[in-house]
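This is what each chain is made of:
Number of protein chains: 2
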Amino acid sequence: MFLKIFQNECLHFFKPNNFKGIGKRNLRNRPDFTKNRYKVTRGNYNYLREGHINYFQALLGHKRVIMDLSDLEKYNVDWYTQVRGCSSIVLKPKTTEEVSQILSFCNKQKLALCTQGGNTGVVGGCVPVFDEIIISTELMNDIISLDENSGVLVCQSGCILQNLDNFVAEKGLIIPLDLGAKGTCHIGGNVSTNAGGMRLLKYGNMHGNVLGLEVVTANGEIIDCLSTLKKDNTGYHLKHLFIGSEGTLGLVTKVALQCPPRPKYRNVAFLGVQNFDKVLKTFKFLKAELGEIISAVEVIDTPTMDFINQIVGQTSPIGDYPFYLLVETSGSNEQHDEEKLNHFFEAALKKFLVLNGTVASEPAKIQALWSIRENIPNGFKICSSKMMYYDVSMPLSNYYSIVNDVDEFTKGLSERVFGFGHLGDGNIHLQIQLKDDLTDEIKKHIDPFVFDKILSYGGSISAEHGIGIIKQKYMNRLKTVNTLNLMKDLKSLLDPNKILNPYKVIV
Amino acid sequence: MFLKIFQNECLHFFKPNNFKGIGKRNLRNRPDFTKNRYKVTRGNYNYLREGHINYFQALLGHKRVIMDLSDLEKYNVDWYTQVRGCSSIVLKPKTTEEVSQILSFCNKQKLALCTQGGNTGVVGGCVPVFDEIIISTELMNDIISLDENSGVLVCQSGCILQNLDNFVAEKGLIIPLDLGAKGTCHIGGNVSTNAGGMRLLKYGNMHGNVLGLEVVTANGEIIDCLSTLKKDNTGYHLKHLFIGSEGTLGLVTKVALQCPPRPKYRNVAFLGVQNFDKVLKTFKFLKAELGEIISAVEVIDTPTMDFINQIVGQTSPIGDYPFYLLVETSGSNEQHDEEKLNHFFEAALKKFLVLNGTVASEPAKIQALWSIRENIPNGFKICSSKMMYYDVSMPLSNYYSIVNDVDEFTKGLSERVFGFGHLGDGNIHLQIQLKDDLTDEIKKHIDPFVFDKILSYGGSISAEHGIGIIKQKYMNRLKTVNTLNLMKDLKSLLDPNKILNPYKVIV
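Chains as they are written, first to last, in my numbering: chain A, 1 to 507; chain B, 1 to 507.
Do not rely on the hints blindly, as some may be mistaken.
Pairs count within a copy or across copies, as identical chains cannot be separated in the list.
[To be verified] Listed below are the simulated EDC-like cross-link pairs for lysine to aspartate or glutamate, each with C-alpha atoms no more than 20 Å apart in a straight line:
| id | residue 1 | residue 2 |
| --- | --- | --- |
| 1 | Lys264 | Glu338 |
| 2 | Lys473 | Glu441 |
| 3 | Lys287 | Glu334 |
| 4 | Lys287 | Glu148 |
| 5 | Lys284 | Glu148 |
| 6 | Lys284 | Glu170 |
These are computed hints drawn from the structure, not numbers from a lab.
Computed from a predicted structure; not experimentally measured.
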């Protein structure tokens with residue numbers, strides 16, 4: 001029975017009557033198949049056959065080979081319901097050796113694979129496009145060691161980020177990465193996508209924080225670069241090949257992570273600013289004044305604040321201003337941190353950099369201020385059928401120009417254009433609220449303008465979300481021919497049969 | 001005349017009468033040729049011929065093609081006088097395009113190359129082994145841009161580290177890298193060796209601080225990954241291939257570097273500690289108490305302090321203790337930083353973690369305390385004929401064990417064994433003072449023991465200095481077969497004719 005379904009490439013697979021209570025998703029939210037929406041042609045891979053299934057079941061046992069249609073849905077659709085594949089099998093290895101055997105077998109059999117962690121990616125990177133075999137890291141969730149002297153944590157790649165942070169918190173340490181999806185995402189996915197998030201400003205990105213990796217390449221070979229040392233200059237620094245390559249060069253099985261001391265005290269300031277020029281001047285001033293204790297600098301524009309007010313009833317606690325800054329400090333001395341932040345705030349008021357503001361030290365008030373920022377994505381998700389969003393990196397001098405440009409270009413089509421995000425990292429989330437529901441035609445009209453503009457400013461069309469399948473077609477425009485060719489050569493070297501996460505990043 | 005010399009592979013090249021006032025080096029210090037000392041066989045490269053020289057002179061002009069024997073010496077011997085090549089030509093390109101043309105030409109002609117920055121490496125990585133053409137980055141020293149809002153500096157790879165730091169200091173920024181060799185080393189060399197140094201504890205390594213690179217690969221292709229963005233997740237993160245690969249995969253031509261705000265105030269504590277267990281406990285305590293303002297934690301043992309006292313008259317300002325810790329803080333508020341450090345010091349005394357100490361805030365006293373640490377390498381250099389030194393990374397729990405092990409093993413041969421270094425990064429400099437001058441026989445006896453011990457503790461035989469030629473023969477023992485094969489595959493992919501820095505790192 002299975003074989004027919006596989007060979008029909010999704011045609012009959014997701015019939016409504018196959019669904020039986022599938023978590024929070026419902027049928028109305030199911031997107032069109034990725035292959036149709038993004039016009040992808042299936043690669044020349046083998047189809048899954050009974051012999052393959054027998055092999056996997058012998059290796060993992062029946063319980064760790066998932067083929068029940070109702071169980072498969074959540075692996076085939078992403079959290080944002082943008083992409084949809086039609087894999088008919090999920091494998092759940094527990095060990096590196098099992099991963100190695102699966103990959104070795106699939107490589108010989110030319111079976112395509114898609115590795116999935118918490119399935120929280122937003123560019124369709126961890127969801128199959130066709131019938132790729134899904135390898136879920138759900139059961140690879142052992143914490144292997146924590147060296148309390150050095151702060152080095154070693155764990156399997158399927159550990160959930162929040163669980164790791166809870167674990168190291170007990171020892172006075174912090175995971176140097178914090179995402180909205182932390183309760184679901186896996187550390188292996190964070191590594192594979194070079195995830196950014198809220199703490200990047202303070203602790204830097206995964207390339208700086210990952211001390212070592214264990215990775216299995218397409219042919220099943222285990223690459224052991226699981227160093228736990230801060231300094232280790234012996235040979236090529238291979239781990240970086242796998243950080244941010246979105247599972248297309250290898251499957252991360254273990255991670256060694258540097259965990260800094262957990263800051264003891266947090267303070268937050270919420271500030272009203274007159275224009276974007278003053279936002280930049282305030283940012284420069286606060287870097288000089290608060291230096292080592294800054295842990296987040298977020299910006300929110302008026303359209304975003306108004307929208308969140310309308311949709312979720314969230315208001316500005318300081319009245320209306322053209323721009324708002326949320327500044328967080330994290331330090332080791334409560335009194336010092338408060339003094340610094342208050343001094344900065346008073347000086348910024350005197351210099352007319354900020355017009356108004358409030359400073360919080362108590363956890364409840366801090367949480368209330370952060371909830372303004374955190375409510376933004378929730379608000380946008382409610383109106384998602386009319387929304388277009390872009391994850392953009394910009395040089396700071398033109399950080400907000402892209403919002404004005406897009407506002408001008410989409411006049412008549414858009415209701416409002418919003419800009420908010422991690423100012424401290426040059427990362428702006430650009431959102432367009434359309435008058436009508438988003439169609440592929442509108443997307444085709446607006447996307448090229450936005451991407452061209454971003455590139456003309458020297459920005460990046462994917463700050464922290466990666467390329468996945470959704471931005472794949474733009475890769476040729478983002479890089480020089482030499483650079484693209486080197487990426488393709490690396491792919492061919494590490495995965496000659498192109499079985500790892502096909503159709504994504506580099507094709 | 002030249003051709004004969006080249007083809008004799010160094011036999012006649014460094015005759016004493018070729019030397020005419022060559023800086024601070026003298027003939028007594030000239031080491032044996034690397035090819036003899038390390039028993040290297042010349043690769044199947046072409047020899048330099050008149051046609052090649054004509055090509056280089058046409059491309060660069062006569063002044064930027066150095067062939068005068070007296071001028072060549074300083075490029076053929078390293079600073080520590082450990083290695084010696086016999087190149088007869090130094091090329092001094094100014095632009096990426098010139099580098100591209102040189103590499104393209106040499107690749108076609110199968111001429112081997114050795115790139116050299118400030119020639120401050122300590123593993124023979126930037127000095128030719130045979131007659132490799134030396135490409136000096138001395139004239140690639142343009143600072144291209146500094147974005148004061150984001151702190152992003154873009155420059156050519158031949159800029160001297162100290163010059164860059166002076167330049168950004170004027171704008172209130174700091175280069176996140178500080179080395180003893182900063183007045184001489186080039187930023188391109190720092191990138192290519194993933195240089196560590198004094199500020200790594202605070203700012204992390206080059207993988208975290210380099211935002212973008214421009215690199216020329218062996219065939220002359222320019223790889224443009226000169227992003228100036230903190231977040232840019234578009235495709236493979238190619239720049240990391242070239243960070244730490246010691247010039248064997250490509251020649252770095254431009255660097256984009258993230259420069260944090262320059263700390264305004266420094267404080268230093270110099271502490272006496274009873275044993276290594278208490279050193280570790282003090283380190284853990286100071287991380288918790290001083291958190292975000294710690295910028296250096298250096299350890300010095302008694303044999304090292306005694307030696308420096310004898311050799312350069314440097315004494316401990318706090319009396320004699322088994323171990324000394326030098327702790328530096330860098331922050332944005334003078335009073336806060338002093339308070340934190342004083343509070344830590346008093347609490348550490350009360351807890352009997354430290355036995356005595358002194359704290360300094362005035363620049364002159366800070367400099368005096370740092371000079372104790374900085375005088376150590378100078379002292380050892382004076383007795384270099386009897387010295388063996390190792391740059392080791394160790395898990396903190398066994399950081400000092402290696403010193404005791406080596407002391408025990410070398411009884412009868414050694415006068416003293418010393419341990420000092422960057423405790424905060426797990427990086428110990430292990431030195432052995434022999435009773436007699438170091439010979440190759442002694443080296444062959446001691447090296448394997450030291451390296452075996454380091455590896456048995458899960459340490460690294462090269463923390464920050466790299467592999468170069470000096471540690472090349474150990475590579476097979478440091479990595480698994482799969483890992484080594486992947487390194488070799490990367491070398492073959494990027495430099496199929498193996499013209500870039502041959503005999504080093506991976507052969």
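Structure-based check of each hint:
no.: 1; hint: Lys264 / Glu338; verdict: both (13 Å within a copy, 19 Å between copies)
no.: 2; hint: Lys473 / Glu441; verdict: within (16 Å within a copy, 61 Å between copies)
no.: 3; hint: Lys287 / Glu334; verdict: both (19 Å within a copy, 16 Å between copies)
no.: 4; hint: Lys287 / Glu148; verdict: between (31 Å within a copy, 11 Å between copies)
no.: 5; hint: Lys284 / Glu148; verdict: between (35 Å within a copy, 8 Å between copies)
no.: 6; hint: Lys284 / Glu170; verdict: between (35 Å within a copy, 15 Å between copies)
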